[in-house]
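Visitor: Listed below, chain by chain, are the residues.
Protein chains: 4
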Amino acid sequence: MLLKRLREEVLEANLELVRKGLVLYTFGNASGVDREQGLVVIKPSGVDYDVLKAEDMVVTDLNGRVVEGTLRPSSDLDTHTLLYREFVKIGGVVHTHSEFATGFAQAGMEIPAFGTTHADYFHGPVPVSLPLTDEAIHGRYVHETGLAIVARFQGSPAIDPMAVPACLVAGHAPFVWGKSAAEAAYHAVVLEAIAKMAYRTLTLKPSAGEVSQALLDRHYLRKHGGNATYGQN
Amino acid sequence: MLLKRLREEVLEANLELVRKGLVLYTFGNASGVDREQGLVVIKPSGVDYDVLKAEDMVVTDLNGRVVEGTLRPSSDLDTHTLLYREFVKIGGVVHTHSEFATGFAQAGMEIPAFGTTHADYFHGPVPVSLPLTDEAIHGRYVHETGLAIVARFQGSPAIDPMAVPACLVAGHAPFVWGKSAAEAAYHAVVLEAIAKMAYRTLTLKPSAGEVSQALLDRHYLRKHGGNATYGQN
Amino acid sequence: MLLKRLREEVLEANLELVRKGLVLYTFGNASGVDREQGLVVIKPSGVDYDVLKAEDMVVTDLNGRVVEGTLRPSSDLDTHTLLYREFVKIGGVVHTHSEFATGFAQAGMEIPAFGTTHADYFHGPVPVSLPLTDEAIHGRYVHETGLAIVARFQGSPAIDPMAVPACLVAGHAPFVWGKSAAEAAYHAVVLEAIAKMAYRTLTLKPSAGEVSQALLDRHYLRKHGGNATYGQN
Amino acid sequence: MLLKRLREEVLEANLELVRKGLVLYTFGNASGVDREQGLVVIKPSGVDYDVLKAEDMVVTDLNGRVVEGTLRPSSDLDTHTLLYREFVKIGGVVHTHSEFATGFAQAGMEIPAFGTTHADYFHGPVPVSLPLTDEAIHGRYVHETGLAIVARFQGSPAIDPMAVPACLVAGHAPFVWGKSAAEAAYHAVVLEAIAKMAYRTLTLKPSAGEVSQALLDRHYLRKHGGNATYGQN
Chain A
1 MLLKRLREEV LEANLELVRK GLVLYTFGNA SGVDREQGLV VIKPSGVDYD VLKAEDMVVT
61 DLNGRVVEGT LRPSSDLDTH TLLYREFVKI GGVVHTHSEF ATGFAQAGME IPAFGTTHAD
121 YFHGPVPVSL PLTDEAIHGR YVHETGLAIV ARFQGSPAID PMAVPACLVA GHAPFVWGKS
181 AAEAAYHAVV LEAIAKMAYR TLTLKPSAGE VSQALLDRHY LRKHGGNATY GQN
Chain B
1 MLLKRLREEV LEANLELVRK GLVLYTFGNA SGVDREQGLV VIKPSGVDYD VLKAEDMVVT
61 DLNGRVVEGT LRPSSDLDTH TLLYREFVKI GGVVHTHSEF ATGFAQAGME IPAFGTTHAD
121 YFHGPVPVSL PLTDEAIHGR YVHETGLAIV ARFQGSPAID PMAVPACLVA GHAPFVWGKS
181 AAEAAYHAVV LEAIAKMAYR TLTLKPSAGE VSQALLDRHY LRKHGGNATY GQN
Chain C
1 MLLKRLREEV LEANLELVRK GLVLYTFGNA SGVDREQGLV VIKPSGVDYD VLKAEDMVVT
61 DLNGRVVEGT LRPSSDLDTH TLLYREFVKI GGVVHTHSEF ATGFAQAGME IPAFGTTHAD
121 YFHGPVPVSL PLTDEAIHGR YVHETGLAIV ARFQGSPAID PMAVPACLVA GHAPFVWGKS
181 AAEAAYHAVV LEAIAKMAYR TLTLKPSAGE VSQALLDRHY LRKHGGNATY GQN
Chain D
1 MLLKRLREEV LEANLELVRK GLVLYTFGNA SGVDREQGLV VIKPSGVDYD VLKAEDMVVT
61 DLNGRVVEGT LRPSSDLDTH TLLYREFVKI GGVVHTHSEF ATGFAQAGME IPAFGTTHAD
121 YFHGPVPVSL PLTDEAIHGR YVHETGLAIV ARFQGSPAID PMAVPACLVA GHAPFVWGKS
181 AAEAAYHAVV LEAIAKMAYR TLTLKPSAGE VSQALLDRHY LRKHGGNATY GQN
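Protein sequences appear in the order of chains A, B, C and D.
Count the first sequence with our numbering and you get residues 1 to 233, in order.
Count the second sequence with our numbering and you get residues 1 to 233, in order.
Count the third sequence with our numbering and you get residues 1 to 233, in order.
Count the fourth sequence with our numbering and you get residues 1 to 233, in order.
One or more of the hints may lead you astray.
Which copy is meant is left open, because identical chains are indistinguishable; a pair holds if it fits in one copy or across any two.
As the list claims (entries may be wrong) - Computed cross-link-like contacts, DSSO-like style, restricted to lysine-lysine with a CA-CA straight-line distance of at most 27 Å: (1) 53 / 223; (2) 179 / 205; (3) 223 / 179; (4) 223 / 4; (5) 205 / 53; (6) 89 / 205; (7) 205 / 4; (8) 223 / 20; (9) 89 / 223.
Quick caveat, the hints were computed from the structure, so don't treat them as lab data.
Isolated chain A (complex conformation) (with noise of 0.2 Å):
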């Protein structure tokens, strides 16, 4: 079986989703990628999460040939490889539809970042995509759906992705990503604390501003980069 430890890295990055709350039922998928193989391991489509083992994990190449494995894979799977070709330093994607990031993909607003805990994750706010055009869905959806992710981050001015590890898709639910699977899955949980705080703080103040562009550094820059002073390492 190819890809054991990431198999039951994705699995669990999976399992997490669930445990945070930001799945019901099958909604939601995690995967992970093996740069040096190029080689994508995604949760199958539509299986009860409860019964998901590592091996019914779905191995695909960056084009999201099945290489391996008898389900077939998360229905998401093209907006998976697409940015795994286009943002080429992340590990892993996760994909909900978080209750309180969804109503902000729904309503077409980004996510301000009106606070530290938004900074220590996210250098920005969370971006959301331009709505996908008939022609986009009636074509290669799932692709498009990527498309319009990098679009985002390749406009003017462009994002870096590793910066900001989300967006939010119009009138959908975020994808998000990080080094991998694991950093992903935590990735999109604390993207779901964001958007609920975000949310408080927008109907208590419609005109809130956001964060200073220093604040937004210093607490960025606390837990990433060379000179974090955040944990144990």
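Mind docking chains B, C and D on chain A? Use the hints.
Guide: Frame of chain A; chains B, C and D shown alone:
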């Protein structure tokens, strides 16, 4: 004992509502129909969920006459049986006062199709009935509740009850259905989730617009019909 | 030991508030009355729920004089006893700071009868008292809290405390009652549920209107009075 | 090992934050002080709560120099020590990003004293600091966070930190304190509850007014000071 398997399925659908936090105390009820025998199995009225057994379920005909069972059937029985008579393809009905869907019903507001979570299960807004007239309330009230639902679906334009398997009853709460009692319960849980998301979207942005018809179609047909691509079947 | 069964019922009513998430730490209290003996059984003040035993309950007369018990009674005792003296048909009183009902009390807003969940238990809006005057606060404050409740029910038009078994005290929180301590606790749980639903309705649509008198009557009388049709009795 | 009992109390205060849902992953921290020895015991930085042991706690002096412990102390240490130096009667400090209190902090809004739940523990609004200047953020940021809190309490009119045991840091989250680490954690839990209630009150009625000074005094003094009447002491 009649309909042993259906009783168990109906019991299980009722318990799923409890597990997912949709009901408080003895509120809520689920039923299933056996179309061949023309019999309905429904939860008894006001019995605690933690002592509810399959043999407590009440069996009635499609006009609500009790055929088997010593307990009084759910007080909402006449709405269930009317829906079975009018919506001839449905196999299960669920009624809850789940918090967010009821919030919309009390406001007399439909739930707009703001995103793909909605589109995956409801092929259009979840409609709200007209308020019942005093005459209807003073008459066969529970039956009239069903008529208000049916009138909403037979209005102009008509709504296909298999494509939009729920209706909010104004000033009351949702009724939800599906091909089976299990699917009706599943739809009730999804309905509450999309009501939550729509609530957040509307309180963030009261002018939020629905997804395009193309996106609504794409997601709905991804999970329904002959070309469905979701899951393992 | 006096009133063994009532102590157990009062203990159980207090624990039901914990199980349903209505109280934090030692907040909240429930009591019951024995009308024949003219004795009240109430939770002691500030004792942790997880060590609370039936024998810790304090027994007082209807004027709040301790008859049996070594612990100090709930600091809200004088409100409870006043309600027992004035509302002569009630058998139990509950006070909580449950989150949504308290949100209304703090806003000085009654809870409108927006739907049938409300109508099933409260035959009209749940009223809010006037704020207490400085004189009342400086005087017998806890007693005055009870007077503010009673004044609201004896106002014009008068409200029947058996038909609307709760009052929000402005700037404070709800007091709830019923035929027994168990029913008072049940009503407190339902009150929080309808406060939640009314909150969603009002934030979705500030101009939302109440249900018709016909619907209010229909649902209230479905569960109350000689012609009740709900449940197995 | 120094300060065995205090370590256990500080560990327990940290775990109470987890049990009450105030912290996500490794967010949040609690500390306690031994005034006689001039030593602070604080949670280590970024260690999972479920493996946290009393011996992992870090002991520092009042200037934040580590005296005992092999792990790096919480990254918020300098705020804790400043508060211990400036607020000389406090015995414990807690910092969380609890959801509703953080919602207010991000909006730059104080939490008004809307009700008696608030008045029981906070003798006035819970204030919000000024945003930190870029200079402060670029300098000794964590120390400056403490200075912003102290400046808010020493402003005009001054606030007694023993009567209002919490401050929201603008664009960040709450810091909370008490006579001990246990009381600081208790206050953090109550703060989140009153933030929730105030959020509901403000979204129901943006013009809602605070309780009268008389009611604020009555409730605060009911639980605090020589004439307290709550509980069994």
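Visitor: So, for every hint listed, does it hold in this structure?
Guide: Outcome of the hint check:
In this homomeric assembly, residue 53 and residue 223 come within 27 Å of each other (Cα to Cα) only across copies, at 23 Å, whereas the closest approach inside a single copy is 33 Å. In this homomeric assembly, residue 179 and residue 205 never come within 27 Å of each other (Cα to Cα): the closest approach is 35 Å inside a single copy and 33 Å across copies. When the C-alpha separation of residue 223 and residue 179 is checked against a cutoff of 27 Å, the pair qualifies only within one copy, where the shortest distance is 14 Å, while the shortest distance between copies is 32 Å. Taking the closest pair of Cα atoms, residue 223 and residue 4 never come within 27 Å of each other, the shortest separation being 30 Å inside a single copy and 31 Å across copies.
Taking identical chains as interchangeable, the C-alpha atoms of residue 205 and residue 53 are never at most 27 Å apart, the minima being 45 Å within one chain and 41 Å between chains. Taking CA atoms no more than 27 Å apart as the test, residue 89 paired with residue 205 passes in neither setting, with 37 Å inside one copy and 35 Å between copies. In this homomeric assembly, residue 205 and residue 4 never come within 27 Å of each other (Cα to Cα): the closest approach is 49 Å inside a single copy and 45 Å across copies. In this assembly of identical chains, the alpha carbons of residue 223 and residue 20 lie at most 27 Å apart whether taken from the same copy (22 Å) or from different copies (26 Å).
For the homomeric pair residue 89 and residue 223, the shortest alpha-carbon distance inside one copy (18 Å) is at most 27 Å, but the shortest distance between copies (33 Å) is not.
When each numbered hint is compared with the structure, violations occur for hints 2, 4, 5, 6, 7.
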